[in-house]
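Trainee: Residue numbers (numbering that gives the first Met the number 0), protein chains in the order written: chain A, 0 to 285; chain B, 0 to 416.
What the hints contain is simulated information worked out from the structure, not anything from laboratory work. For each residue, glycine too, the CB sits at the ideal point set by N, CA and C. Don't take each hint at face value.
A few chain A positions that, by computed beta-carbon distances, are all more than 10 Å from chain B [said to hold, decoys possible]:
{"id": "1", "residue": "N121"}
{"id": "2", "residue": "L152"}
{"id": "3", "residue": "A282"}
Capping the alpha-carbon separation at 25 Å, the derived lysine to any residue pairs in SDA-like fashion look like this [said to hold, decoys possible]:
{"id": "4", "chain 1": "B", "residue 1": "K238", "chain 2": "A", "residue 2": "D283"}
{"id": "5", "chain 1": "B", "residue 1": "K298", "chain 2": "A", "residue 2": "A36"}
{"id": "6", "chain 1": "B", "residue 1": "K160", "chain 2": "A", "residue 2": "Y53"}
{"id": "7", "chain 1": "B", "residue 1": "K141", "chain 2": "A", "residue 2": "A36"}
{"id": "8", "chain 1": "B", "residue 1": "K264", "chain 2": "B", "residue 2": "D322"}
{"id": "9", "chain 1": "A", "residue 1": "K50", "chain 2": "B", "residue 2": "M92"}
{"id": "10", "chain 1": "B", "residue 1": "K238", "chain 2": "B", "residue 2": "M92"}
{"id": "11", "chain 1": "B", "residue 1": "K298", "chain 2": "A", "residue 2": "I172"}
{"id": "12", "chain 1": "B", "residue 1": "K298", "chain 2": "B", "residue 2": "F330"}
{"id": "13", "chain 1": "B", "residue 1": "K298", "chain 2": "A", "residue 2": "Y200"}
{"id": "14", "chain 1": "B", "residue 1": "K264", "chain 2": "A", "residue 2": "V73"}
{"id": "15", "chain 1": "A", "residue 1": "K50", "chain 2": "B", "residue 2": "K264"}
{"id": "16", "chain 1": "B", "residue 1": "K160", "chain 2": "A", "residue 2": "P22"}
Here chain B is said to cover these stretches of chain A; the calculated rule only asks that three of the stretch's residues, wherever they fall, bring their Cβ under 8 Å from a Cβ of chain B [to be verified]:
{"id": "17", "segment": "126 to 135"}
{"id": "18", "segment": "252 to 258"}
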Amino acid sequence: MMDDQKTLSDLYFGHDRVTIIEPQSGWRLLDWRELWAYRDLLYVLTVRDIKVRYKQTMLGFAWAIIQPVMMMVVFSIFFGGLAKMPSDGFPYPIFVYAALLPWTFFANAITNSANSLVGSANLVSKVYFPRLIIPLSSVGSGLVDFAIAAAILLLLMVYYGVSWTLSLLVVPILVAGVVLTALGVGTCLAALNVAYRDFRYVIPFLVQFWMFVTPVVYPASLVPREWQWALFINPMAGVIEGFRSAFLGRPFDVPGMLVSLAIAAMLFAAGVSYFEKVERRFADII
Amino acid sequence: MTNYAIRAEGLSKQYIIRASKQRYYTLREALAKGMTAPFKRLWNVPRGSAAAETIWALKDISFQINRGEVVGIIGHNGAGKSTLLKILSRIVMPSEGRVAVRGRVASLLEVGTGFHPELTGRENVFLNGAILGMTRGEVRQKFDEMVSFADVERFIDTPVKHYSSGMHMRLAFAVAAHLETDILLVDEVLAVGDASFQKKCLAKIENVAGHGRTVLFVSHNMTAMQSLCGRVIHLANGKIEGDGEPQHEINDYLSRATVSQMHNKRKVGDALTLMNMSVSPNPVKSGGDVRFQFDLLAKNPVQLNEAQLVLFALEGPRVGIVDLRPAGFPFTMRTGDSARIEAVLRSIPLVDHQYRVALWVDWGVSASVVDIADLTISPAQTNELYAPYPASARGLVEFKTECSLKQYREYSLIATG
């Protein structure tokens with residue numbers, strides 16, 4: 000037996016693999032290897048989510064642009080223009096767009112993720128695969144929209160004469176932060192939605208509330224210094240301010256970002272653990 | 000010992016029957032009990048508490064199936080057959096006991112899992128294949144074979160929402176049938192679909208079994224059981240009633256068939272729940288009328304295209320149908336809507352015997368068959384001078400007949416010359 004030459008695929012899908020099915024209780028660690036073995040499925044489901052979304056809407060890819068751009072226009076008129084919201088010295092439109100970019104991704108990711116399990120009830124009740132893949136694919140499909148909207152931001156930067164600096168290299172880390180937070184919150188919501196079907200009505204409210212608590216339409220500097228720490232407990236706060244720094248070329252608020260990233264990681268761990276703990280009951284109640 | 004494919008020890012599955020009419024928890028209830036409440040309550044029945052009503056869908060199931068065996072599972076409705084397959088497919092967790100499964104498993108619990116109406120047939124084949132555990136390479140290799148098996152070459156690049164339900168099922172079955180797995184679990188997918196589709200399914204299953212793969216097969220079709228299976232496990236009320244010779248187990252099952260077995264509620268596909276089934280009178284006299292009534296509750300918006308009640312003899316053959324379309328199909332249901340359907344079968348021309356009534360519903364995307372009840376037909380009243388032949392000799396159909404006999408004497412040939 001050439002055990003050492005078995006691939007991971009063999010390990011999970013091989014002819015001699017023994018699976019023990021027995022009742023489990025308590026908290027369980029995430030089985031990374033199993034998730035990796037099922038990566039094909041994750042890819043296929045993500046592509047499916049994207050295809051279906053674009054086939055169903057007339058606007059298709061344009062929707063990825065319209066959402067943040069329209070919000071930018073409306074906010075610029077009312078907050079930037081009429082309410083004269085400060086924007087750290089930058090033109091308000093690009094200031095708010097730099098925040099809307101990650102925010103739109105986050106809001107859509109957690110909304111889609113929360114509804115993903117219930118929406119895929121037919122899969123959950125008929126086939127076995129690590130259930131985490133379902134909310135993961137919702138978050139993954141949002142990344143495509145993000146990429147398109149990010150391209151628009153780069154164009155806006157040219158328009159407003161903001162140069163592209165090395166700070167842009169930090170963006171992937173920030174994206175990872177948003178993804179972690181979105182996954183943590185999204186998986187938790189997805190699991191809760193299976194148990195409590197009226198949860199879907201809570202989600203839009205939750206997203207709305209979260210947006211106002213995050214410095215999207217206003218700068219973090221609006222909040223008095225003594226209270227800034229409270230603002231940064233929200234992991235999205237650090238990420239949003241970080242995005243602004245990365246794209247607009249102003250200095251990074253490193254402590255704020257670090258706090259937010261740490262909380263993002265904790266949320267991820269907590270959300271995924273909760274999901275794994277309750278996952279095995281899904282088919283019973285879905 | 001080392002040649003096992005599936006080894007179950009003391010498998011049990013307990014469900015709590017919820018007292019309230021409500022299917023789902025609301026947040027309000029939950030905030031009082033913490034967020035893991037609905038997940039917990041389904042499991043830990045507080046010791047000594049008589050409050051929660053529980054049923055054991057499976058109790059203490061132990062068996063060993065070796066590689067290459069083709070095993071049939073039979074039992075009355077609600078005996079636990081589907082639950083067992085779900086546990087073996089890892090969709091549902093056992094409450095007690097354990098089972099060891101060796102190798103890759105594919106389950107056909109319902110045909111068309113994962114098909115998305117907006118995607119084309121081609122895209123859905125790849126999607127379905129991935130969901131069932133095939134890699135993209137495998138799917139690509141077998142693509143042409145699968146498409147020709149399903150007979151949908153011309154439509155493979157149109158969105159599946161334009162397919163008939165027959166095409167759906169053929170395509171879905173084609174994908175599942177070409178999986179390279181060690182163990183295949185099949186749950187009555189054969190009940191859906193026309194006779195030629197069923198024949199194809201059975202032939203394919205036979206083919207799969209012939210290649211040395213282990214097959215577990217749940218069905219009511221006793222003839223198929225007998226021809227395909229080398230061993231049959233008989234489940235009743237969640238326990239193993241018998242395990243051995245197909246002929247013996249099948250006879251045992253048929254002789255125990257209980258009357259008036261009806262379900263409480265059943266899921267039909269993903270959008271509908273079947274409830275409040277009633278069949279009256281049951282038993283009904285041969286030649287009499289029987290009334291079927293049931294409610295369908297929509298969990299999601301759904302358009303029902305067609306429906307029929309299908310009558311099977313207990314051994315399996317399809318006896319007749321009640322076409323429900325004249326009742327008002329097709330019609331649309333919104334979430335929360337319910338529909339009450341009534342049908343009357345008049346002057347039943349069937350012999351006294353045990354029958355099974357199932358509901359077949361087509362809602363465009365897919366179709367599903369669920370058992371409604373077991374129907375008993377009792378002997379018709381006869382004033383005949385002749386004692387009627389036993390039902391087993393009379394077949395299934397009771398004809399309305401007339402007959403007469405005239406006798407002619409033989410004439411002498413000499414008279415006519």
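Trainee: The structure should be examined with respect to each hint, and the outcome stated for every one.
Mentor: Evaluated hints:
With 10 Å as the threshold on Cβ separation, the claim that A/N121 sits away from chain B is violated: the shortest Cβ distance comes to roughly 5 Å. Listed as outside the interface, A/L152 is consistent with that label: its C-beta sits roughly 30 Å from the nearest C-beta of chain B, beyond the 10 Å cut-off. Annotated as non-interface, A/A282 brings its C-beta within 10 Å of a C-beta of chain B; the closest such distance is 5 Å. Using a Cα cut-off of 25 Å, the hinted pair B/K238 and A/D283 holds, with the two alpha carbons roughly 20 Å apart.
As the CA atoms of B/K298 and A/A36 are separated by approximately 34 Å, the hinted pair breaks the 25 Å bound. Distance hint between B/K160 and A/Y53 is fulfilled; the C-alpha atoms sit about 16 Å from each other, no more than 25 Å. For the given pair, B/K141 sits about 21 Å from A/A36 by alpha-carbon distance, which is consistent with the 25 Å threshold. Straight-line distance between C-alpha atoms of B/K264 and B/D322 comes to about 22 Å, which keeps the hinted pair within the 25 Å bound.
Proposed proximity of A/K50 and B/M92 is contradicted: the alpha carbons are some 33 Å apart, above 25 Å. In summary, the hint linking B/K238 to B/M92 is supported, as the alpha carbons are separated by about 17 Å, within the 25 Å threshold. Pair hint B/K298 plus A/I172 does not hold up; C-alpha atoms about 42 Å apart against a cutoff of 25 Å. For the hint linking B/K298 to B/F330, the alpha-carbon distance of about 15 Å falls within 25 Å, and the restraint holds.
Between the alpha carbons of B/K298 and A/Y200 the distance comes to roughly 17 Å, so the proposed pair stays at or under 25 Å and holds. Straight-line distance between C-alpha atoms of B/K264 and A/V73 comes to about 51 Å, which puts the hinted pair past the 25 Å bound. For the proposed pair A/K50 and B/K264, the alpha carbon gap of about 36 Å is over 25 Å, so the pair is violated. A distance of roughly 39 Å separates the Cα atoms of B/K160 and A/P22; the hinted pair therefore is violated under the 25 Å criterion.
Against chain B, the segment 126 to 135 of chain A contributes 3 residues with a C-beta closer than 8 Å to a partner C-beta. That satisfies the three-residue criterion, and the hint holds. For the segment 252 to 258 of chain A, the assignment as covered by chain B is violated, since 0 residues bring a beta-carbon within under 8 Å of that chain's beta-carbons and 3 are needed.
Comparing the model with each numbered hint stated earlier shows that hints 1, 3, 5, 9, 11, 14, 15, 16 and 18 do not hold.
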